[in-house]
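Asker: Following the hints, position chain B against chain A.
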Amino acid sequence: MSLFGTTSGFGAGGTGVFGNATTDSHNPMKDVEVTSPPDDSISCLAFSPPTMPGNFLIGGSWANDVRCWEVQDNGQTVPKAQQMHTGPVLDACWSDDGSKVFTASCDKTAKMWDLNSNQAMQIAQHEGPIKSIHWIKAPNYSCIMTGSWDKTLKFWDTRSPNPMMSLQMPERSYCADVVYPMAVVATADRGLIVYQLENQPSEFRRIDSPLKHQHRCVAIFKDKQNKPTGFALGSIEGRVAIHYINPPNPAKDNFTFKCHRSNGTNTTTPQDIYAVNAISFHPVHGTLATVGSDGRFSFWDKDARTKLKTSEQLDQPITACAFNSNGNIFAYASSYDWSKGHEYYNPQKKNYIFLRNAAEELKPRNKKW
Amino acid sequence: MGRKKKKQMKPWCWYCNRDFDDEKILIQHQKAKHFKCHICHKKLYTGPGLAIHCMQVHKETIDSVPNAIPGRVDIELEIYGMEGIPEKDMQERRRTLEQKSQESQKKKSNNQDDSDEDEDDDDEAGPSVPQPAVVQPQQSYAAPMAQLVMPPVAGVPGMHPGAYQGMPPMMPGVPPMMHGMPHAMHGMPPGMMQMGGMMPPMMPGMPGMPHGMPHHMAPRPGMPHMAQAVGLMASRPAVPGVQPAVSKPLFPSAAQAQQSTSGVPASNPHGAASSDPPKATFPAYTQPSVSSSTSSSNPSSGAVAKPPATVATKPATLTTTSATSKLIHPDEDISLEEMKAQLPRYQRLTARQGQAHVAAPPVVSVGGIMPPQQGMLPQQPGMRHPMHGQYGAPPQGMPSYMPGGMPPYGQGPPMVPSYQGGPPMGMRPPVMSPAGRY
Numbered sequence: 053m054s055l056f057g058t059t060s061g062f063g064a065g066g067t068g069v070f071g072n073a074t075t076d077s078h079n080p081m082k083d084v085e086v087t088s089p090p091d092d093s094i095s096c097l098a099f100s101p102p103t104m105p106g107n108f109l110i111g112g113s114w115a116n117d118v119r120c121w122e123v124q125d126n127g128q129t130v131p132k133a134q135q136m137h138t139g140p141v142l143d144a145c146w147s148d149d150g151s152k153v154f155t156a157s158c159d160k161t162a163k164m165w166d167l168n169s170n171q172a173m174q175i176a177q178h179e180g181p182i183k184s185i186h187w188i189k190a191p192n193y194s195c196i197m198t199g200s201w202d203k204t205l206k207f208w209d210t211r212s213p214n215p216m217m218s219l220q221m222p223e224r225s226y227c228a229d230v231v232y233p234m235a236v237v238a239t240a241d242r243g244l245i246v247y248q249l250e251n252q253p254s255e256f257r258r259i260d261s262p263l264k265h266q267h268r269c270v271a272i273f274k275d276k277q278n279k280p281t282g283f284a285l286g287s288i289e290g291r292v293a294i295h296y297i298n299p300p301n302p303a304k305d306n307f308t309f310k311c312h313r314s315n316g317t318n319t320t321t322p323q324d325i326y327a328v329n330a331i332s333f334h335p336v337h338g339t340l341a342t343v344g345s346d347g348r349f350s351f352w353d354k355d356a357r358t359k360l361k362t363s364e365q366l367d368q369p370i371t372a373c374a375f376n377s378n379g380n381i382f383a384y385a386s387s388y389d390w391s392k393g394h395e396y397y398n399p400q401k402k403n404y405i406f407l408r409n410a411a412e413e414l415k416p417r418n419k420k421w
Numbered sequence: 003m004g005r006k007k008k009k010q011m012k013p014w015c016w017y018c019n020r021d022f023d024d025e026k027i028l029i030q031h032q033k034a035k036h037f038k039c040h041i042c043h044k045k046l047y048t049g050p051g052l053a054i055h056c057m058q059v060h061k062e063t064i065d066s067v068p069n070a071i072p073g074r075v076d077i078e079l080e081i082y083g084m085e086g087i088p089e090k091d092m093q094e095r096r097r098t099l100e101q102k103s104q105e106s107q108k109k110k111s112n113n114q115d116d117s118d119e120d121e122d123d124d125d126e127a128g129p130s131v132p133q134p135a136v137v138q139p140q141q142s143y144a145a146p147m148a149q150l151v152m153p154p155v156a157g158v159p160g161m162h163p164g165a166y167q168g169m170p171p172m173m174p175g176v177p178p179m180m181h182g183m184p185h186a187m188h189g190m191p192p193g194m195m196q197m198g199g200m201m202p203p204m205m206p207g208m209p210g211m212p213h214g215m216p217h218h219m220a221p222r223p224g225m226p227h228m229a230q231a232v233g234l235m236a237s238r239p240a241v242p243g244v245q246p247a248v249s250k251p252l253f254p255s256a257a258q259a260q261q262s263t264s265g266v267p268a269s270n271p272h273g274a275a276s277s278d279p280p281k282a283t284f285p286a287y288t289q290p291s292v293s294s295s296t297s298s299s300n301p302s303s304g305a306v307a308k309p310p311a312t313v314a315t316k317p318a319t320l321t322t323t324s325a326t327s328k329l330i331h332p333d334e335d336i337s338l339e340e341m342k343a344q345l346p347r348y349q350r351l352t353a354r355q356g357q358a359h360v361a362a363p364p365v366v367s368v369g370g371i372m373p374p375q376q377g378m379l380p381q382q383p384g385m386r387h388p389m390h391g392q393y394g395a396p397p398q399g400m401p402s403y404m405p406g407g408m409p410p411y412g413q414g415p416p417m418v419p420s421y422q423g424g425p426p427m428g429m430r431p432p433v434m435s436p437a438g439r440y
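Respectively, the protein sequence lines represent chains A and B.
Sequential numbering of the first sequence, starting at 53, is according to this note's numbering.
Sequential numbering of the second sequence, starting at 3, is according to this note's numbering.
Extracted from the complex, chain A is given alone in its bound form (with noise of 0.2 Å):
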């Protein structure tokens, strides 16, 4: 717990450390940058689980490559390693215990990176590029699901070649999350699709989607007891949808909330409205963490409806985050995530990833009244 565990110490680490880097709009929050960053495109960011001493994260990128870093206590990081893949990785998880990465890669494989031997192994085939990827860990059985754009939804034991199970979805799969016994997929065309995994990965349910727009980003989120209880949902139109799977009160519980848009609706330019690229939930607070092709990261609360904070503006747009284990650290992408096309791709731009502390912002406030 003393990691990260004073804001100060990491704080000053980080400005120490790395106090001649701010000055640029790369880097408007002063925030730690991690060192060897991916020579492309960030897809995602992952911190190892409680279970191991320390902090690692991975970032995978669409430079086919997925690193980890050790995060030390005074926000230096270390980087440790590396494996490729033969496609820009989309995504990566730990699992449970820490000593294994998975990846998700555009090549349409999965591999498993077991850190203690550095050895990559093939664990995953779909048809198409893989999109998401989720460590399993239930009581009678752990597995990996797979999301692929070939619209099937696949549970592989990491050992054999054959999925244990596989699921069509009406869509392509455009992102998920994991919270054991729950699952989320949101697909193209708008569709959201839950699952529950208790025995074994089955079909839940089906939901209408709360947004109007093509969906981006999905965040578990627990209840008071610990148990997954809904999700939040981002899409590329600056807005997320707060969703619970069985709320006492569907019409007053569920709501949305725009982010990541430019200017207030009454100035008579056009508002710019940003795609929402990644959510995470803090892990000991509940209140979540948006980012957004907008180039900024908000804090928000979804049981007070509050915003906690808005960063400043970054150059280019974050892509992904990730909260530690101990919900100290916040970390961020910064890198090009195409929503202005390819005119606006500056190969020159180098890609960042940034640790900021995040014990106090994530707070909620105390409630007034």
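One or more hints might be untrue.
Incomplete in silico selection of chain B near chain A, CB under 10 Å [what the hints assert, rightly or not]: (1) Thr326; (2) Leu329; (3) Ile336.
BS3-like, lysine-lysine: derived pairs with alpha carbons at most 25 Å apart [unchecked claim]: (4) B:Lys102 / B:Lys90; (5) A:Lys401 / A:Lys82; (6) A:Lys359 / A:Lys274; (7) A:Lys415 / B:Lys26; (8) A:Lys82 / A:Lys304; (9) A:Lys402 / A:Lys310; (10) B:Lys328 / A:Lys392; (11) A:Lys310 / B:Lys102; (12) A:Lys354 / A:Lys276; (13) A:Lys359 / B:Lys90; (14) B:Lys90 / A:Lys264; (15) B:Lys26 / A:Lys361; (16) A:Lys415 / A:Lys304; (17) A:Lys359 / B:Lys26; (18) A:Lys276 / A:Lys304; (19) A:Lys304 / B:Lys61; (20) A:Lys304 / B:Lys26; (21) A:Lys359 / A:Lys415; (22) B:Lys328 / A:Lys361; (23) A:Lys361 / A:Lys415; (24) A:Lys310 / B:Lys61; (25) A:Lys264 / A:Lys354; (26) A:Lys354 / B:Lys26; (27) A:Lys132 / A:Lys152; (28) A:Lys361 / A:Lys274; (29) A:Lys415 / A:Lys354; (30) A:Lys402 / A:Lys354; (31) A:Lys82 / A:Lys415.
What the hints contain is simulated information worked out from the structure, not anything from laboratory work.
We treat Cβ as the ideally placed atom computed from N, Cα and C, and that holds for glycine.
Answerer: For chain B alone, kept in the frame of chain A given last:
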């Protein structure tokens, strides 16, 4: 009237004692007068609602209901229209009404009429983002990829009619590998040189050309370049080295489209030309001999055909702009990742999925678009090709016609019945299966 003796109470506003004819109007009144946020003018539904709004949105505390008469300012009371009014006030109201009723009905009528409240700035105004064009054919993601591959071309359907002028007609009935040729001939001048390079494969067939060609060509005014073109080609011996380049069609789509077009009319592969005046334009091309020889010598051209399929269909599009907002997102309704994955730089490593299946439909659609072409005369300006945008006029749209442009055999079978004849068949071997390529 007499009946109304009993008179159930008319709707009235607890906050200001005003009477209304209709409870709906009363509610409007309350929203506008008593439940409107003084900061952003949002209209809430109840007093507590307003308080919560101000607290959450503006961090301000509201302690009384605006515009309420003294004693009726309680922000905590949940009153909505006639609902929630404290019983004692209800009774009091009844009493006073009874008293008043005798004396003046008129007074009330005065009050009633105005439903008041202008629809002022209701900035409920969500994102006035238009409904997404949700329509979303499934090929969508494959399709766009093609576009990405060839960015410049993307989205320029039916662009430059001019580009083709003169050319297209010959397509019909022309064996696939021939494509390169005509273009070459036509657009020759500047950009053509490389074309020459691509031509080689068909060279073998060349010999046949000269006679057939000029011969038929001559009459056609639109084809002036032909002769020289041929000459040019002839003079350029095969340049094998260049071939590979060809196989990386910058505009496979174009090629492909072309392909399909040509295929349609081509139902009379060989002899047809001579016998059928209109189509006779390029009988030479249809000569079996040519094709056969070409095929053998022209393996790589087949390969070129790979990407074709996808192009034809555009994915569903999003409405990204409206009067008050703009979605910062490409027009296609596919994910950014899918779009990005289609970029050539990621593709070489990536396997593209879906290509194979997707292939067929798009092709067909292209065919659908194209048909008009077949009957066209060379000079016809109306000609248009969906893909040629960038080639605009000058180069005559030529480049896009890669010699190898024809779709791999398996890919567009439905479309290319025409190939059945002799020549195209020969092409098959070279066809790289698109699948393999991807």
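Asker: Are the hints correct? Go through all of them and say.
Answerer: Hint check:
Against a cut-off of 10 Å between C-beta atoms, the interface hint on Thr326 of chain B holds, since the closest Cβ of chain A lies about 6 Å away. Checking Leu329 of chain B against chain A by beta carbon gives a least distance of about 5 Å; that is within 10 Å, so the hint holds. Taken as an interface hint, Ile336 of chain B checks out: its beta carbon lies about 7 Å from the nearest beta carbon of chain A, inside 10 Å. As the CA atoms of Lys102 of chain B and Lys90 of chain B are separated by approximately 18 Å, the hinted pair is consistent with the 25 Å bound.
Taking the CA atoms of Lys401 of chain A and Lys82 of chain A, the gap is near 18 Å; set against the 25 Å cutoff, the hint holds. For the hint linking Lys359 of chain A to Lys274 of chain A, the alpha-carbon distance of about 19 Å falls within 25 Å, and the restraint holds. The hinted pair formed by Lys415 of chain A and Lys26 of chain B fails the criterion: a straight-line CA distance of about 43 Å is larger than 25 Å. Between Lys82 of chain A and Lys304 of chain A, the direct Cα distance comes to roughly 39 Å. Violation of the 25 Å bound is thereby established for this hinted pair.
For the suggested pair Lys402 of chain A and Lys310 of chain A, the alpha carbons sit about 29 Å apart, so the restraint of at most 25 Å is broken. Annotation: proposed proximity of Lys328 of chain B to Lys392 of chain A holds, straight-line Cα distance about 12 Å (limit 25 Å). A C-alpha spacing of about 51 Å is found between Lys310 of chain A and Lys102 of chain B, which places the hinted pair above 25 Å, so the restraint is violated. At roughly 14 Å between alpha-carbon atoms, Lys354 of chain A and Lys276 of chain A fall within 25 Å of each other, so this suggested pair holds.
This hinted pair does not check out: Lys359 of chain A and Lys90 of chain B have alpha carbons roughly 41 Å apart, beyond 25 Å. Note on Lys90 of chain B and Lys264 of chain A: the hinted pairing is violated, with a Cα-Cα distance of about 47 Å set against a maximum of 25 Å. This hinted pair does not check out: Lys26 of chain B and Lys361 of chain A have alpha carbons roughly 40 Å apart, beyond 25 Å. With a CA separation close to 24 Å, the supplied pair Lys415 of chain A and Lys304 of chain A stays within the 25 Å bound.
Between Lys359 of chain A and Lys26 of chain B, the direct Cα distance comes to roughly 34 Å. Violation of the 25 Å bound is thereby established for this hinted pair. At roughly 19 Å between alpha-carbon atoms, Lys276 of chain A and Lys304 of chain A fall within 25 Å of each other, so this suggested pair holds. As the CA atoms of Lys304 of chain A and Lys61 of chain B are separated by approximately 22 Å, the hinted pair is consistent with the 25 Å bound. With a C-alpha separation of about 23 Å, the suggested pairing of Lys304 of chain A with Lys26 of chain B holds against the 25 Å cut-off.
At most 25 Å may separate the alpha-carbon atoms for a hinted pair to count; Lys359 of chain A and Lys415 of chain A meet this at roughly 11 Å. At roughly 24 Å between alpha-carbon atoms, Lys328 of chain B and Lys361 of chain A fall within 25 Å of each other, so this suggested pair holds. For the hint linking Lys361 of chain A to Lys415 of chain A, the alpha-carbon distance of about 11 Å falls within 25 Å, and the restraint holds. For the suggested pair Lys310 of chain A and Lys61 of chain B, the alpha carbons sit about 18 Å apart, so the restraint of at most 25 Å is met.
Under the criterion of a C-alpha separation no larger than 25 Å, the hint pairing Lys264 of chain A with Lys354 of chain A is consistent with the structure, at around 20 Å. For the proposed pair Lys354 of chain A and Lys26 of chain B, the alpha carbon gap of about 33 Å is over 25 Å, so the pair is violated. As the CA atoms of Lys132 of chain A and Lys152 of chain A are separated by approximately 14 Å, the hinted pair is consistent with the 25 Å bound. For the suggested pair Lys361 of chain A and Lys274 of chain A, the alpha carbons sit about 21 Å apart, so the restraint of at most 25 Å is met.
Simply put, Lys415 of chain A and Lys354 of chain A have alpha-carbon atoms about 12 Å apart, close enough for the 25 Å limit, and the pair holds. At most 25 Å may separate the alpha-carbon atoms for a hinted pair to count; Lys402 of chain A and Lys354 of chain A exceed this at roughly 33 Å. Under the criterion of a C-alpha separation no larger than 25 Å, the hint pairing Lys82 of chain A with Lys415 of chain A is consistent with the structure, at around 20 Å.
Checked against the numbered hints given earlier, the structure breaks hints 7, 8, 9, 11, 13, 14, 15, 17, 26, 30 and satisfies all the rest.
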